[in-house]
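**Q** Spelled out, the chains give:
2 protein chains.
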Amino acid sequence: MVHAQDPLPSWNDTSTKKAIIDFVEQVTKEGSPDFVKPEERIATFDNDGTLWAEKPIYFQFQFAIDRVKALAPQHPQWKEQKPFNYVLTGNMKALLADGKSMMALMAVSHSGMTTDEFNQIVKEWLHTAKHPKTGRLYTQMVYQPMLELLTYLRANNFKTFIVSGGGVEFMRCFAEETYGIPPEQVVGSSSKMKYEIRDGKPLLLRLPEVQFIDDKQGKPIGIEIFIGRRPIAAFGNSDGDQQMLEWTMGGSGARFVFIVHHDDGEREWAYDRKSDVGRLDKAWDEAVAKGWTVVSMKDDWKTIFPPLRQ
Amino acid sequence: MVHAQDPLPSWNDTSTKKAIIDFVEQVTKEGSPDFVKPEERIATFDNDGTLWAEKPIYFQFQFAIDRVKALAPQHPQWKEQKPFNYVLTGNMKALLADGKSMMALMAVSHSGMTTDEFNQIVKEWLHTAKHPKTGRLYTQMVYQPMLELLTYLRANNFKTFIVSGGGVEFMRCFAEETYGIPPEQVVGSSSKMKYEIRDGKPLLLRLPEVQFIDDKQGKPIGIEIFIGRRPIAAFGNSDGDQQMLEWTMGGSGARFVFIVHHDDGEREWAYDRKSDVGRLDKAWDEAVAKGWTVVSMKDDWKTIFPPLRQ
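Chains C and A, in that order, are what the protein sequence lines are. Note that the numbering used here gives residue 307 to position 307 of the first sequence, counting from 1, and the numbers run on in steps of one. Note that the numbering used here gives residue 216 to position 216 of the second sequence, counting from 1, and the numbers run on in steps of one.
No lab work stands behind these hints: they were computed from the structure. Here the structure is a predicted model, which is why all the values come from computation and not from measurement. Please note that a few of the clues may not be correct.
Any copy will do: because identical chains look the same in the list, a pair fits if it lies in one copy or spans two.
Stated by the list, open to error - Within a straight-line C-alpha distance of at most 25 Å, the following computed DMTMM-like cross-link-like pairs (lysine to aspartate or glutamate) qualify: (1) Lys194 / Glu148; (2) Lys29 / Glu176; (3) Lys159 / Glu176; (4) Lys302 / Asp6; (5) Lys93 / Asp239; (6) Lys298 / Asp6; (7) Lys69 / Glu124; (8) Lys123 / Asp13; (9) Lys100 / Glu148; (10) Lys82 / Glu209; (11) Lys201 / Asp281; (12) Lys216 / Asp272; (13) Lys55 / Glu80.
Turn these sequences into a full structure, and let the hints guide you.
**A** The structure is reproduced here in structure tokens:
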């Protein structure tokens with residue numbers, strides 16, 4: 001007897017893996033009452049904590065911190081100026097004490113340049129910065145089981161989207177190469193921009209103002225504005241994903257969502273209700289109450305991170 | 001000798017048609033110095049005046065007017081209240097005298113309902129409302145040569161997008177069926193929304209506030225935020241498209257844009273520099289100065305509208 005190749009080899013043979021495969025077979029089998037036309041097979045993925053790690057701090061925050069350090073020599077006044085002095089003296093506790101300090105760093109590091117310049121800066125950082133715990137590049141801090149899920153869904157004619165609170169242009173700098181998700185399928189938070197002609201060349205300048213926040217209630221709104229179709233599958237890991245999962249499950253026909261629970265302190269990090277980063281509290285309660293799948297990284301995932309290429 | 005079937009049969013054999021075909025062959029021929037990988041073959045189309053007509057007024061304005069008329073019995077006070085009384089007495093001149101009146105009608109007709117309800121209302125209107133001059137459904141007021149161009153580009157692995165000042169959700173009600181453009185490839189203006197759970201069901205409420213205006217400078221910004229890649233081809237007809245065409249031509253490698261000039265008063269409408277709707281003035285000057293193609297509807301198009309199905 002010949003078995004088809006396992007599409008999800010980094011997933012243990014648990015009920016979670018079975019639930020994923022059952023759902024995909026259910027919606028792709030022609031003639032089945034739950035068959036979904038390929039163009040409506042929309043699957044949305046949160047990024048931080050779902051496709052890649054988010055500890056000790058969101059990687060985009062680390063980018064902002066590294067950027068402020070790189071710019072500091074041109075801004076000697078930052079030595080005396082909050083919150084920049086927190087960065088320069090390594091006072092992470094003060095920096096993360098309230099949301100305002102990080103937002104100030106985000107504004108400085110993410111605006112005042114053209115979109116092309118910003119993309120270049122992010123790509124350089126992604127090619128050089130290393131994660132403090134693992135020493136991996138940040139793009140190597142992605143979850144192997146989730147990469148397999150992306151591939152499996154696309155092989156079944158799903159269109160895979162990122163729907164994340166992260167910056168849309170930041171994520172596009174690696175989403176295509178790392179996840180196989182093209183720029184036009186990345187939905188995220190965005191800054192305002194200004195269109196300008198300089199020396200006869202058009203350019204887009206990034207402004208230090210928020211255009212759209214794609215988090216919590218913003219996720220179903222982002223899905224509606226950017227994608228215009230309700231997903232039939234959605235994957236998240238925190239309270240920021242709760243509304244996206246509700247919105248996905250609220251449609252008719254077969255639907256599937258799961259929440260990744262970070263319960264593997266040995267191979268990754270263990271955190272949930274009390275974590276500042278990627279808090280999973282209300283969404284967990286709703287998942288339990290409604291019978292949504294909760295993925296245990298410890299039990300459901302055979303491996304966490306992809307093997308490093310030699 | 002066998003000729004391949006003409007991909008653009010509704011285009012006359014003019015230099016415009018040749019320029020389109022030359023460009024497509026140039027970027028799709030493997031090994032050519034101008035070859036563009038399929039995933040980067042992004043083509044953006046304005047909608048009003050480029051894919052469908054826009055006279056005597058933008059069709060979405062006509063929808064708003066018809067909607068106000070339909071709602072009037074529930075709002076007896078509108079008889080005395082500007083700008084609603086303009087609609088009810090047919091005073092189009094007063095209604096269009098300034099932008100504010102139409103914006104008030106747009107707010108009333110486009111908000112206060114869920115996204116699902118709004119889509120239903122628009123679809124009903126599209127299935128019943130007739131154009132005052134031709135008696136056609138509005139979705140039959142599309143340009144046959146442009147439908148062929150969409151098909152031709154897609155056959156050559158272009159990804160076709162709408163990038164229009166029109167409402168993104170309004171356009172999605174017909175873009176897939178009429179143009180073969182799926183919801184996630186429609187970029188447009190949007191309203192703010194509110195996410196809410198009602199009777200245990202999640203819904204999105206449309207609010208009477210603007211989220212994003214996808215016109216003029218907003219078009220390259222919309223392209224950057226929604227698509228995240230610079231188009232290699234773009235098509236418009238008015239000053240509202242000027243920045244999108246500049247942005248498209250500002251990239252490196254082979255690029256192609258054109259402006260549709262409405263110069264056929266007999267088969268369609270003739271208007272340009274002095275028109276309130278779809279004014280073509282500065283963009284025309286730039287097209288001439290930079291050698292962008294200007295399509296003459298009169299000379300370049302064999303037919304304007306598609307034949308009506310029996």
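**Q** Could you tell me which of the numbered hints above are not met by this structure, giving the numbers in increasing order?
**A** Per hint list: 1, 8, 9 and 13 violated.
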